[in-house]
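*Asks:* As a plain string of letters, each chain reads:
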Amino acid sequence: MVTLGSLITNFYKDLPKNIINPELNLPQQLSEAEVQLKLEGLANSNTIYSKNLSFLGAGVYHRHVPAIVDHLVSRSEFYTAYTPYQPEISQGTLTAIFEFQTYMAELTGMDISNASLYDGATSLAEAVQMVTRVADKEKSKVIVAGILSPNYKEVLNTYNKGFGNEIVYVEELEEVRLETDIDALVLMYPNFFGQVIDHSVLIDEAKKKGIAVVFCVTNPLALMLFKSPGECGADIVCGEAVSLGSYPSYGGPALGFLTTRQDLVRNIPGRIVGETEDANGRKGFVLTFQTREQHIRREKATSNICSNQGLMALRTTIYMSYMGQTGMLDLAEDIYRKTEYLKEKIAKLNKFVVDKNVNFQDILIYSKDVEFSQLNLFLKKKNILGGLDLCELDRSWEGCYLLAVNEYMKNEDIDLLVSSIKEFIDG
Amino acid sequence: MVTLGSLITNFYKDLPKNIINPELNLPQQLSEAEVQLKLEGLANSNTIYSKNLSFLGAGVYHRHVPAIVDHLVSRSEFYTAYTPYQPEISQGTLTAIFEFQTYMAELTGMDISNASLYDGATSLAEAVQMVTRVADKEKSKVIVAGILSPNYKEVLNTYNKGFGNEIVYVEELEEVRLETDIDALVLMYPNFFGQVIDHSVLIDEAKKKGIAVVFCVTNPLALMLFKSPGECGADIVCGEAVSLGSYPSYGGPALGFLTTRQDLVRNIPGRIVGETEDANGRKGFVLTFQTREQHIRREKATSNICSNQGLMALRTTIYMSYMGQTGMLDLAEDIYRKTEYLKEKIAKLNKFVVDKNVNFQDILIYSKDVEFSQLNLFLKKKNILGGLDLCELDRSWEGCYLLAVNEYMKNEDIDLLVSSIKEFIDG
Amino acid sequence: MDNSPIFEKVEISNKLSSIEIAPQLKRKKVCRFPDLSESQVARHYTKLSTLNFGVDSGMYPLGSCTMKYNYKILERLASLPGFLQLHPFQNDADCQGILEILYEIELYLCELFGYSRFSLQPSAGAHGEHTGLLIIRDYLKKNNDDRDLVLIPDSAHGTNPASAVMAGFRVKKVPSDKWGNVDLDKLNEVLSKEKVAAFMLTNPSTLGLFENNIIKISEMIHENGGLLYYDGANANALMGKIRPGDMGFDVCHLNLHKTFGTPHGGGGPGSGPVGVVEKLVPFLPGPLVSKDKEYKWQNQEGTEIGRIHGFHGNVNVVIKAYIYILLHGGQGLKEVSEKAVENANYLMNKTREIIDLPYDRVCMHEFVVSAEKLKKETGISALDLAKALIDKGYHPPTIYFPQIVHECLMIEPTETEDKESMDAFFEAFKDIVAQAKASPDKVKAAPVTRVVGRLDEVKAVKEPKLTFFAK
Amino acid sequence: MDNSPIFEKVEISNKLSSIEIAPQLKRKKVCRFPDLSESQVARHYTKLSTLNFGVDSGMYPLGSCTMKYNYKILERLASLPGFLQLHPFQNDADCQGILEILYEIELYLCELFGYSRFSLQPSAGAHGEHTGLLIIRDYLKKNNDDRDLVLIPDSAHGTNPASAVMAGFRVKKVPSDKWGNVDLDKLNEVLSKEKVAAFMLTNPSTLGLFENNIIKISEMIHENGGLLYYDGANANALMGKIRPGDMGFDVCHLNLHKTFGTPHGGGGPGSGPVGVVEKLVPFLPGPLVSKDKEYKWQNQEGTEIGRIHGFHGNVNVVIKAYIYILLHGGQGLKEVSEKAVENANYLMNKTREIIDLPYDRVCMHEFVVSAEKLKKETGISALDLAKALIDKGYHPPTIYFPQIVHECLMIEPTETEDKESMDAFFEAFKDIVAQAKASPDKVKAAPVTRVVGRLDEVKAVKEPKLTFFAK
Ligand SMILES: Cc1ncc(COP(=O)(O)O)c(C=O)c1O
Ligand SMILES: Cc1ncc(COP(=O)(O)O)c(C=O)c1O
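As you go down the protein sequences, you meet chains A, B, C and D in turn.
Just so we're aligned, residue 1 is where the first sequence starts under the working numbering, counting upward by one.
Just so we're aligned, residue 1 is where the second sequence starts under the working numbering, counting upward by one.
Just so we're aligned, residue 1 is where the third sequence starts under the working numbering, counting upward by one.
Just so we're aligned, residue 1 is where the fourth sequence starts under the working numbering, counting upward by one.
Misleading hints may appear alongside valid ones.
Derived BS3-like pairs: lysine-lysine, alpha-carbon spacing no greater than 30 Å straight-line [what the hints assert, rightly or not]: (1) Lys296(C) with Lys153(B); (2) Lys186(C) with Lys300(B); (3) Lys419(D) with Lys47(C); (4) Lys141(C) with Lys15(C); (5) Lys38(A) with Lys38(B); (6) Lys350(D) with Lys17(A); (7) Lys47(C) with Lys207(B); (8) Lys348(A) with Lys410(A); (9) Lys9(D) with Lys9(C); (10) Lys373(D) with Lys437(D); (11) Lys430(D) with Lys47(C); (12) Lys373(D) with Lys348(A); (13) Lys15(C) with Lys419(D); (14) Lys283(B) with Lys442(C); (15) Lys173(C) with Lys283(B); (16) Lys13(B) with Lys350(C); (17) Lys38(A) with Lys17(A); (18) Lys442(D) with Lys442(C); (19) Lys153(A) with Lys291(D); (20) Lys419(C) with Lys471(D); (21) Lys283(A) with Lys141(D); (22) Lys9(D) with Lys139(A); (23) Lys410(B) with Lys293(D); (24) Lys382(A) with Lys293(D); (25) Lys283(A) with Lys444(C); (26) Lys465(C) with Lys137(B); (27) Lys26(D) with Lys9(D); (28) Lys444(C) with Lys283(B).
Think of the hints as simulated: they come from the structure by calculation, not from any bench.
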């Protein structure tokens, strides 16, 4: 029962009399039962599609969250704790973050990882600013190459208002020119269109010129199959891991991550956990390299990060432990096969051009004749959640449509989508 | 991942060769994601009504289950444990059952309680057989007086096939005759029609004649307001507590209980927890009076109960602790007021006769002109879950209809029901 | 103390309702319930939970209880509102999803165990026994057969005789031979003398041994005119390997809360479905689910024994078992049993190095060892060993059951244990046996790591305190 | 060891995908992930959880963190599939329920704190600060104002200066006076010399003290042409009592994960909404929710600072805060604050009996004490006291913050603590102080009850091992 006795005190005597105890127009208290009814009603006012008929992706996927993940994070020792400032009483969280760092480092093929960032978009902004620190400059010059989410671009620009780096966006990879004043080359992998592109030529050139290479990965599952950023030569990897053990949840909370080389550790933004031992030689874990952080370094900190996305990192850690190498590989292969299957089927439709690149999970489709917003309404009537009408995000993407597969789908579900699209275009 | 390597062994060499390894027609293994989709589909094939528009009760109520209950019972130390045979490693369960016994004893106004029985119906059957043991007879003669659920009656009769007691059902209380060969008088409180009846005259007579008095309580919340069975003079109280912290769940798991006088402890069926201490004088709890039980007494046991409804008892315990005396009283008063409100409103309708008794939560309505099964279909179209058409359970109850209120309802919801009924009868 | 009941926490208030109710109906006795904040409640029961031990806490080799891992997806899906909020009096049209599940799992169980139909009403194993024996009772009655004796082996679980008596039968024990099998001579003897209604058998027995003579026994019982009852609480060894129906058992109950991985809940809720061969179908407690265009409940034609549960049994537990079956599939269930047997044999073959194995045979899902010799040598009993295992971080095995093995410990690792954890358990056990010989007093003092040490059970009975307010 | 990482448990397999992919795109480096059973995973993380301490484990008086009880209904309802499964690119028509919540909570926050609009995008308090300061930056820029200095009090939280720098400002500290208030003379001095863009203030300050001169300060800043920023991480003392908007703060961020009872998650996710006065509304990061016939996302007209989050912030945390508000209602929130303040004063007035209270004033939601004198006398530091409290079953208070109080302990009981638990905490604290005097070595050895003792933080940096496979 949420009941707190009211009381009369003079604890508030220092407060300015003329503005104390304002009349406020706020709702009446509801009982738990009333709140439950109300929220159930609100939840039902959102339209949720069967997961096997949800073809929306673009960085957030309807991926199965194993029940064990929800079960374990619901233990109050985990989810109600604070940031693990007192290590002896927080070994649960700290050990798990250490595991998280290990998983992310392994998956991206890098040496080390931080403990999380707010989301993929802010991780990109933090990564770019990390480049400036690594370059030991006031401001750096950075090329962001390839297709990225307009939202990521916007966040990067917002953050950059304070940083003042020079950021050049080059959508067409062929147009990238690596002048000598460039500090970093940022690549999308897979990119916003789900394309997995071989950047080796560009990267070789960057390496030769001493330009840092940053990878931004919004679908890290792909890295089970495709060359890891580490193998590609990345110096910093940032991205989004919400789809490894967490829910779409209307976009948040998500899970930004950042991995890098061991020698760049002092430039990392956010928390880091390291192993050490106690006086008796027992191993244990602590927050470390804290002199980078705001509570010690204050205005000279690598970032202002304090609370990060701890519970999401725990979710991903448990997810990866549950999936294991075998489970992760199987899932990635399953997604890849379904991606291929959907591409094949769409390619057979009139009026559509299908992406010629290698795709993973997201598939770019082009048609100059189809009204995608209308198509989506048509699909909704069949209880299908259609793809993303890309021109709503960026006018230059007119005629582009992004579909995503997921593990809940069977071939029949994909066939149903394709036949429904056909029905729509046939009128 | 549910994967278990297959293996070739000769562990099964003793099994008869001709019937080993049969060909079986069983489903293929599904992944967790597939199972989730399938079960979500099945759950959605059930029709669930908004709780404030669910007027079905009759022993199972749409009562709010506070989130704290679900949270705490989902701790694996509780819900995956076995019956607490090893007390030192089971003090969590044992302390909670001790609390459960205390809550049930207090609520029913009795001295002691067992640790649970399967459900209300079987608790009634066990209570009747307990009478036989208390009377120290081979078979006893019992009057079951008043309105009881036909399902309870059927279960009592099934159990009695093995017991062979003489059970006489007397629906009209005025017709009860307490002959001297009667061993027990069983009373329903509140009865199946939600009526709370003053049985004091009958009980006085029973007491005088040395007849045991058994109360069967299927809505124990009522006991917060109405004279407890203990105050009424009951010797044994049995019943159903599913509505104190558990879900309707299509009728099971439910929570049978049994409380009684201290001196009858050796006649109780089922588990009992008691307080004791260790060698250092630390208090602790153990399963006790085990010489009553099957694993020790075998064919002379008071019952065959082994697994009971432990987790449901834990749910009720947490529920009661959360509600507290204040919360339980407030809830009981709220339900009583809504009961009165609905009665008042129905009384104003043509064609309906409303019960003149005191009611709690369930309300009996009579009409010889209304087809209640049709009414329920009509209500369903308005997303209202109507009441119980009693003649479907017992033909002698033609024209009887049982409605129940619950705490989710506002007066508007009740008004909506009543106006919808009016709309139906007005055609 | 961490295990203090919640009633100690705060002052009990004295409120009664002030609502208007006729005085002769009004409650006057105050309920002594504490009024607490949610935070206080959360802390109290969170603390209590830490005094418990579940299958996620560590190995739980409690024999005859099949403490396998409980997949979390069972909890998630069985708790969907479409299942939890369903009222048992809703009409069949509203309940098609749940009815489909009940219909399908019945088919699966029939196929897996070799029966014509199952009733899902019984709430636990003992409840299933009771139901099964009432079916036998009514069947015999219908045939005007006055058989009234139920035989059970001397290794039988306590619920067997108790259930038989509840169903109106007399009970007689049949001894086991030195291999743990039923002593066929003794069985013959009693069959020739008594009016045997049924023989209740657990196979594998509670010794964890497969009954070698099961086909012979089945013939003997049936030729004698009785029925064979299968206590299927121990079915974890045999899924997909052999079917009780094929072995000749006429009636069978299962413990879904063992074999089908539904959690034990600290003592239930379980589910104990009862399956029967064709001739006994009319006696199953009604209603059963049938499928036409829609699924619906159908009562039998007046022959059934009648309901054994107020509604349809522990439906939510049945849903979990259904999920368990889907998660494994037919082949997977078979592998479960094979792995359970493999694990038990692995652990048995290690454990026999340190303690006596009374039956030197391949075991099924579990095995029993005896501390009788150890006790003679060191004074350390099965109970002492069990308590010492607690201090090593294990839930103890079942002890003193079955009663025919002295100082018995019954060990069931289940298929969800891995080699490393069984090895670690064995090492712990070995340490304790060594300590029993070196310094038995230390073992006698166990457990010392829990909130309480060994509790005085005699005092609990002699000075009973069964509620907080009992003086 | 119980805190061994999962990678120690089993052999790592060496598999790579065998799927057909162009060689130049194909991964060759194996992911060293263990392959485990669900049971192994369950046991590992269940065990890890027991090495942690949450608000349900006991009192957690971590100052400036507002570790109040987290009502379980928040978790249940925010986890409804209708919220969790919603994709952020679904169109507004599909999202009316969630948009209603975001719309309504924005209204509530505006009313409660006195602002025109709030952005819900920031994911934490620091993120909110960053956002708020970027708003100030763009506002000044729009007005061609070249102010570039942000003032912060010397007691400020570390995120304040770090955020200011991230937003492109210089930072300067303003000292506090002996009452813990801002030193007005010093403030005047800096205002007359520097181009002050904004003053970031926490009120109550991180000392737990209400800034007596807030109205005066507001006048000074505004007359000088700067803006006043409210770090609302400490809003738990003032809900319904006084509004930062009314005190003159132009921008305000809140920590929903403190004041509004959403769980801290072991370090997030939080939510740090930013509220602004009318003139700053055009600069809020878009889009914002508007209501017409339907709810919809609406972008501002090109003036906004731009998105600060990939989508709409930590929406699920916002839902929980919304539920928290409904559960309490306007009056209830006020009572929360009153009770939080009452509790802090109660505990302060006990605690000052045993340790120095540097500011002898009524406190708000928390208070700080200093172990400086104790350390001189006994050698026992704030850190030692904190570690000793762990052994008594408590989470320690915040230590060494704010930096202006030497050997500082910052204690915040919150409103969900009851008198009994605060008394017990005080007694434990008292015991430790007594022990510090009697046998300081014992205190220095703490904690001894946890899986590890004090850990060597220097070694962690000198010999960094940041992943399991790092050599
Ligand atoms: C062999 C055997 N039969 C029957 C039972 C009784 O099962 P339940 O506890 O579900 O009533 C058990 C349970 O321990 C058992 O092991
Ligand atoms: C006063 C103050 N400001 C800002 C913050 C930063 O909040 P967050 O951790 O959510 O970024 C904190 C958190 O400790 C705080 O106490």
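*Asks:* Confirm or reject each hint.
*Replies:* Here is what the structure says about each hint:
For the hint pairing Lys296(C) with Lys153(B), the CA-to-CA distance comes to about 23 Å; that is within 30 Å, so the pair holds. Of the supplied pair hints, the one linking Lys186(C) and Lys300(B) holds, its CA atoms being roughly 23 Å apart against a limit of 30 Å. Annotation: proposed proximity of Lys419(D) to Lys47(C) holds, straight-line Cα distance about 19 Å (limit 30 Å). At roughly 56 Å between alpha-carbon atoms, Lys141(C) and Lys15(C) are farther apart than 30 Å, so this suggested pair is violated.
Between Lys38(A) and Lys38(B), the direct Cα distance comes to roughly 28 Å. Compliance with the 30 Å bound is thereby established for this hinted pair. The straight-line distance between the Cα atoms of Lys350(D) and Lys17(A) is roughly 29 Å, inside the 30 Å bound, and the hint therefore holds. Only pairs whose Cα atoms come within 30 Å are accepted, and Lys47(C) paired with Lys207(B) is rejected, the gap being roughly 45 Å. The hinted pair formed by Lys348(A) and Lys410(A) meets the criterion: a straight-line CA distance of about 19 Å does not exceed 30 Å.
A hinted pair counts as satisfied when its Cα atoms are at most 30 Å apart, and Lys9(D) with Lys9(C) does not qualify at roughly 42 Å. Taking the CA atoms of Lys373(D) and Lys437(D), the gap is about 12 Å. The hint holds against a cut of 30 Å. For the suggested pair Lys430(D) and Lys47(C), the alpha carbons sit about 24 Å apart, so the restraint of at most 30 Å is met. A threshold of 30 Å between alpha carbons decides the hint, and for Lys373(D) with Lys348(A) the separation of about 82 Å lies outside it, so the pair is violated.
At most 30 Å may separate the alpha-carbon atoms for a hinted pair to count; Lys15(C) and Lys419(D) meet this at roughly 22 Å. For the suggested pair Lys283(B) and Lys442(C), the alpha carbons sit about 22 Å apart, so the restraint of at most 30 Å is met. Distance check on the hinted pair: Lys173(C) and Lys283(B) sit about 40 Å apart at the alpha-carbon level, beyond 30 Å; violated. Note on Lys13(B) and Lys350(C): the hinted pairing holds, with a Cα-Cα distance of about 21 Å set against a maximum of 30 Å.
Distance hint between Lys38(A) and Lys17(A) is unfulfilled; the C-alpha atoms sit about 37 Å from each other, more than 30 Å. A threshold of 30 Å between alpha carbons decides the hint, and for Lys442(D) with Lys442(C) the separation of about 29 Å falls inside it, so the pair holds. Distance check on the hinted pair: Lys153(A) and Lys291(D) sit about 28 Å apart at the alpha-carbon level, within 30 Å; holds. Only pairs whose Cα atoms come within 30 Å are accepted, and Lys419(C) paired with Lys471(D) is accepted, the gap being roughly 29 Å.
Between the alpha carbons of Lys283(A) and Lys141(D) the distance comes to roughly 52 Å, so the proposed pair goes past 30 Å and is violated. For the proposed pair Lys9(D) and Lys139(A), the alpha carbon gap of about 46 Å is over 30 Å, so the pair is violated. With a C-alpha separation of about 27 Å, the suggested pair Lys410(B) and Lys293(D) falls inside the 30 Å cut-off, and the hint holds. In summary, the hint linking Lys382(A) to Lys293(D) is supported, as the alpha carbons are separated by about 25 Å, within the 30 Å threshold.
Proximity of Lys283(A) to Lys444(C) is assessed by CA-CA distance (about 33 Å); at most 30 Å being required, the pair is judged violated. The straight-line distance between the Cα atoms of Lys465(C) and Lys137(B) is roughly 28 Å, inside the 30 Å bound, and the hint therefore holds. Of the supplied pair hints, the one linking Lys26(D) and Lys9(D) holds, its CA atoms being roughly 29 Å apart against a limit of 30 Å. Distance check on the hinted pair: Lys444(C) and Lys283(B) sit about 20 Å apart at the alpha-carbon level, within 30 Å; holds.
Taken one by one, the earlier hints fail for this structure at numbers 4, 7, 9, 12, 15, 17, 21, 22, 25, listed in ascending order.
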